[in-house]
Amino acid sequence: MRREIPLIITGVVGFTYIIQFFIPHWPFNIMEHMLTDWMLIIFAFAIWLGVLNLMKVSLDRISKRTKDWPYALVTILGFLFIVIAGFFFSGGRRFLDPGTPFDYIYQFIYTPLSATMFAMLAFYVASASYRAFRARTKEATLLLLAAFFVMLGRVPVGDAMTSFLPESVRLSKFADWIMNYPQTAGQRAIMIGIALGIVSTSLRLILGIERSHLGSD
Amino acid sequence: MFEKLLRIDRRIIFLFVLIALIVPLFLNISQHIAISPEVRDIYDSLRKLQPGSRVLLAFDYDPPSAPELQPMAVAVMKYCFKHNLKVIIMGLWPQGPLQANLAIESIKRDKEFKDNPPIYDKDYVNLGYMTGNELVIQGMGTDIQRTFPRDYLGNPTSSLSVMKGITNFSNIDFIFNLSAGYPGTVEWVLFAVDRFHAKLSAGNTAVQAPQVYPYVHSGQLSGLAGGLKGAAELEKLLGFYGKGTKFMLSQSFAHIVVIFFIIVGNVAYFATRGKKKK
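In order, the protein sequences belong to chains A and B.
Start counting the first sequence at 0; every next residue gets the next number (numbering that gives the first Met the number 0).
Start counting the second sequence at 0; every next residue gets the next number (numbering that gives the first Met the number 0).
Check the hints yourself; a few may be wrong.
To give a feel for the contact side, a few chain B residues facing chain A, derived at Cβ under 7 Å [unchecked claim]:
#1 T130
#2 L134
#3 K228
#4 V257
#5 F259
Ranges between beta-carbon positions, derived for each pair [said to hold, decoys possible]:
#6 A:V11 <-> B:Y240: 40 to 50 Å
#7 A:F78 <-> B:R108: 24 to 34 Å
#8 B:L26 <-> A:H32: 18 to 28 Å
#9 A:I7 <-> B:Q49: 43 to 53 Å
#10 B:H31 <-> A:K66: 19 to 29 Å
#11 B:I7 <-> A:P97: 40 to 50 Å
#12 A:H32 <-> B:F13: 47 to 57 Å
#13 B:L4 <-> A:G98: 47 to 57 Å
#14 B:L4 <-> A:F87: 36 to 46 Å
#15 A:L144 <-> B:H31: 37 to 47 Å
#16 A:W176 <-> B:S217: 28 to 38 Å
#17 A:L206 <-> B:R6: 30 to 40 Å
It is worth saying that the hints were derived from the structure and are not from the lab.
Quantities reported herein were computed from a predicted structural model and do not represent experimental measurements.
Here a beta-carbon is modelled for each residue, glycine too, at the ideal position from N, C-alpha and C.
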């Protein structure tokens, strides 16, 4: 029964969602509302599960003094810092309001730290482009040229460099053409491939053919 | 010499990028920003809205993507407040509604809005963050007030004047999604547009925008602003110049530096390849 019950639940829920898409009337619409509510509740619990798991993993690392355990300590302290500030010192439900300690932490600690991490990408991208963007093959040359024209065409300097040309053939228009036709064609192919993969995997799950998510025993 | 160029220390490249990003912030060079048809579509959609129309702004991003998306959010919000469009804010990312609050605070400090600042529950409401990713959009398609029973301050959604008469997407005149990944524009297209026929435009990070282009061509998405360039275009069209336009110069210089290094790298590669063959 440990395998059969989850398979039945998966099948019933999956078929309910498929049917209600085509027949959004009683009783399928009611079932859809109910299942959506249940899933939202599960999502909310998943956040708690994630928090508890993060605490458990971090505490384990500290107690066992594994490699880089001080980072785990920083994680726990950072978590407690923002939770305590948010829950107890930020005006209850109005904790998101401007001027609260929570807002201060968000604006002046969290935002600069996360933005810095992301901004470092610009430097790594420049360095990686220098080392990896080489016209070694025909395909690599094509990629290189596309990147060259899009990078120039997506900034005003591209148009300034080609300002002597008619507006319809300036670099920004050429970059738009690359984005609109070759790029979109490639994206469509990828999206259709992914969609077909999702449909087949979903059907295998709903019909009980795919059972790997149930575990090995 | 070319051998040395191939082994150039990456810290030198970092230094060039740093200079290219910082120096333009102190320069005052005006740039011509060409408007793409995708961004013009957003502007056309906004222009068609009558005063009092309800605009849903979905903030699905966090601070790392703010330099690209926050200028779009500020420009669209300013347009909405100036033209008396009622703004409903929500987020599928926990940080989204906070970014919306930051945008509103910056608008309140703006000279143009200082005498007539946006007022909560008169000009806008913030429904906050809701967990559930695309299921939230699906729930909103049936009943928004059931999906968001309270706003971020804890007020019952049904008591908010901006939310009066709103049941689902059929009562929303326009949706603008600011997205940096999952859940984001793709999910809004799949659920709000395809299923419930909502009118949707989007502002995406430059990395995400290429994935969304097919939806623009198919007509599922009424306009797309991609990256900082999209933000600058939007600011130009809406008439509110801000950080999108200001930072374009830095982006221009940074792109030139990257392209310069790519060219140098290739020249050095071909020069040394010949020697290696000999």
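Inset, instruction - Evaluate the given range 47 to 57 Å for the C-beta pair formed by H32 (chain A) and F13 (chain B). - result: holds, 54 Å
Legend entry - Consistency of beta-carbon spacing, K66 (chain A) to H31 (chain B), with hint 19 to 29 Å: violated, 53 Å
Inset, instruction - Confirm or reject the claim that L26 (chain B) and H32 (chain A) have a C-beta distance inside 18 to 28 Å. - result: The hint (18 to 28 Å, Cβ to Cβ) is violated, given that L26 (chain B) and H32 (chain A) are roughly 56 Å apart.
Legend entry - Hinted contact T130 (chain B) with chain A - closest CB pair below 7 Å: Nearest chain A Cβ about 4 Å off; hint holds.
Inset, instruction - Take the C-beta atom of F78 (chain A) and the C-beta atom of R108 (chain B), compute their distance, and say whether it sits inside 24 to 34 Å. - result: With a Cβ separation near 32 Å, F78 (chain A) and R108 (chain B) satisfy 24 to 34 Å, so the hint holds.
Legend entry - Cβ distance range 40 to 50 Å for I7 (chain B) and P97 (chain A), holds or violated: Holds, at about 46 Å.
Inset, instruction - May I ask you to test the interface hint for V257 (chain B) with respect to chain A, counting a Cβ-Cβ separation under 7 Å as satisfied? - result: holds, 5 Å
Legend entry - Beta-carbon spacing of I7 (chain A) to Q49 (chain B) - inside the hinted bounds 43 to 53 Å or not: The hint (43 to 53 Å, Cβ to Cβ) holds, given that I7 (chain A) and Q49 (chain B) are roughly 51 Å apart.
Inset, instruction - Can you let me know if the beta-carbon spacing of V11 (chain A) and Y240 (chain B) is within 40 to 50 Å? - result: Violated: the Cβ-Cβ distance is about 55 Å, outside 40 to 50 Å.
Legend entry - Supplied distance hint 37 to 47 Å, evaluated on CB atoms of L144 (chain A) and H31 (chain B): violated, 24 Å
Legend entry - Given hint L134 (chain B) near chain A, where the shortest CB pair must fall under 7 Å: holds, 5 Å
Inset, instruction - Starting from the hint 36 to 46 Å, judge whether the C-beta atoms of L4 (chain B) and F87 (chain A) obey it. - result: violated, 58 Å
In summary, the numbered hints that this structure violates are 5, 6, 8, 10, 14, 15, 16, 17.
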